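Colleague: Respectively, the protein sequence lines represent chains Y and A. Numbering-wise (the working numbering), the first sequence opens with residue 1 and increments by one. Numbering-wise (the working numbering), the second sequence opens with residue 1001 and increments by one.
A portion of the hints provided could be inaccurate.
To be verified - Covered by chain Y, according to a simulated footprint, are these stretches of chain A (three or more residues, beta-carbon under 8 Å):
1) 1029-1039
2) 1044-1055
Claimed, not checked - Lysine-lysine pairs mimicking DSBU-like chemistry, simulated, CA-CA at most 35 Å apart:
3) Y:Lys14 with Y:Lys66
4) Y:Lys64 with A:Lys1049
5) Y:Lys20 with Y:Lys41
6) Y:Lys20 with A:Lys1049
7) A:Lys1049 with Y:Lys66
8) A:Lys1099 with Y:Lys64
9) Y:Lys41 with A:Lys1061
10) Y:Lys14 with Y:Lys55
11) A:Lys1099 with A:Lys1068
12) A:Lys1099 with Y:Lys20
13) Y:Lys14 with A:Lys1099
14) A:Lys1061 with A:Lys1049
15) Y:Lys55 with Y:Lys20
16) A:Lys1099 with Y:Lys55
17) Y:Lys41 with A:Lys1099
18) Y:Lys55 with A:Lys1049
19) Y:Lys41 with A:Lys1049
20) Y:Lys66 with Y:Lys20
21) A:Lys1049 with A:Lys1068
22) Y:Lys41 with Y:Lys64
23) A:Lys1099 with Y:Lys66
24) Y:Lys41 with A:Lys1068
Keep in mind that the hints were calculated from the coordinates and are not lab data. None of these values were measured; they are calculated from a predicted model. Here a beta-carbon is modelled for each residue, glycine too, at the ideal position from N, C-alpha and C.
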Amino acid sequence: GAVVSQHPSWVICKSGTSVKIECRSLDFQATTMFWYRQFPKQSLMLMATSNEGSKATYEQGVEKDKFLINHASLTLSTLTVTSAHPEDSSFYICSAESGPTQTFGSGTRLTVV
Amino acid sequence: AQSVTQPDIHITVSEGASLELRCNYSYGATPYLFWYVQSPGQGLQLLLKYFSGDTLVQGIKGFEAEFKRSQSSFNLRKPSVHWSDAAEYFCAVGANDYKLSFGAGTTVTVRA
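Construct the complete structure from the given sequences, taking the supplied hints into account.
Modeller: Structure follows, in structure tokens:
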């Protein structure tokens, strides 16, 4: 079946630094990938839609200059949290589209100290 | 825009008992419907999906769901739960642009 690998699983960084999260579709190609943010005990909130070879589409209220998304190939999308602050601490999950179905990565726990 | 309501925030069920999780959706056209399960600190695993055809859908881990257009519902069921079914369950609806809207989730606790 379709597998999406997300790396790293967890990361701790200092306030003001940038962190990159990778999302790879291992056994299929994905024109579109999605990035979500999940707060504790809450549902997933879509941050942006990442399309291979073009600019990402961000949801309302998501700062595109803070959350940089690059989708350089059909199997890799990256999310870079720039100048991270403690309020950016969260669980970030990516997914890759395969028809109407999305396959999810295992998530990245980001803690900014 | 589509939306999903999961009326039950938390359900506790005894091991071996049946489980039903409710999901109501709002969408103007024929929806794509999904149930995902999430264990703590993990991503989401697809349990089952409905696109068209037979309204009773079988999924993994013994789960099934029934699409009822008249009630705008897509409830998830399992005849006999196992302790390993304790997790967070999310219902989601997708549109033609393949974006998903998730419900708030239902936490399932299984007691021995």
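Colleague: Each of the hints needs a verdict: does it hold here or not?
Modeller: Okay, the hints, checked on the actual structure:
1. 1029-1039: Answer holds; 3 residues pass the 8 Å Cβ test.
2. 1044-1055: As far as the segment 1044-1055 of chain A goes, the hint holds, because 5 residues have Cβ atoms under 8 Å from chain Y.
3. Y:Lys14 with Y:Lys66: OK: Lys14 (chain Y) and Lys66 (chain Y) at ~15 Å, within 35 Å.
4. Y:Lys64 with A:Lys1049: Distance ~32 Å between Lys64 (chain Y) and Lys1049 (chain A) Cα, so the pair holds.
5. Y:Lys20 with Y:Lys41: Given that 35 Å is the threshold and the Cα spacing comes to 24 Å, the pair holds.
6. Y:Lys20 with A:Lys1049: holds (32 Å)
7. A:Lys1049 with Y:Lys66: Holds. Lys1049 (chain A) to Lys66 (chain Y) sits at ~34 Å (cutoff 35 Å).
8. A:Lys1099 with Y:Lys64: Since the Cα atoms of Lys1099 (chain A) and Lys64 (chain Y) sit roughly 18 Å apart, the hinted pair holds (cutoff 35 Å).
9. Y:Lys41 with A:Lys1061: holds (24 Å)
10. Y:Lys14 with Y:Lys55: holds (28 Å)
11. A:Lys1099 with A:Lys1068: holds (22 Å)
12. A:Lys1099 with Y:Lys20: With Cα atoms ~23 Å apart, Lys1099 (chain A) and Lys20 (chain Y) stay inside 35 Å; holds.
13. Y:Lys14 with A:Lys1099: Since the Cα atoms of Lys14 (chain Y) and Lys1099 (chain A) sit roughly 33 Å apart, the hinted pair holds (cutoff 35 Å).
14. A:Lys1061 with A:Lys1049: Given that 35 Å is the threshold and the Cα spacing comes to 14 Å, the pair holds.
15. Y:Lys55 with Y:Lys20: It holds: about 17 Å lies between the C-alpha atoms, which stays within 35 Å.
16. A:Lys1099 with Y:Lys55: holds (17 Å)
17. Y:Lys41 with A:Lys1099: At roughly 22 Å apart (the allowed maximum being 35 Å), Lys1099 (chain A) and Lys41 (chain Y) satisfy the hint.
18. Y:Lys55 with A:Lys1049: Judged against 35 Å, a Cα distance of about 29 Å means the pair holds.
19. Y:Lys41 with A:Lys1049: Given pair Lys41 (chain Y), Lys1049 (chain A) holds - Cα atoms ~24 Å apart, limit 35 Å.
20. Y:Lys66 with Y:Lys20: Since the Cα atoms of Lys66 (chain Y) and Lys20 (chain Y) sit roughly 12 Å apart, the hinted pair holds (cutoff 35 Å).
21. A:Lys1049 with A:Lys1068: holds (14 Å)
22. Y:Lys41 with Y:Lys64: Holds, at roughly 25 Å.
23. A:Lys1099 with Y:Lys66: holds (22 Å)
24. Y:Lys41 with A:Lys1068: holds (28 Å)
Comparing the model with each numbered hint stated earlier shows that all of them hold.
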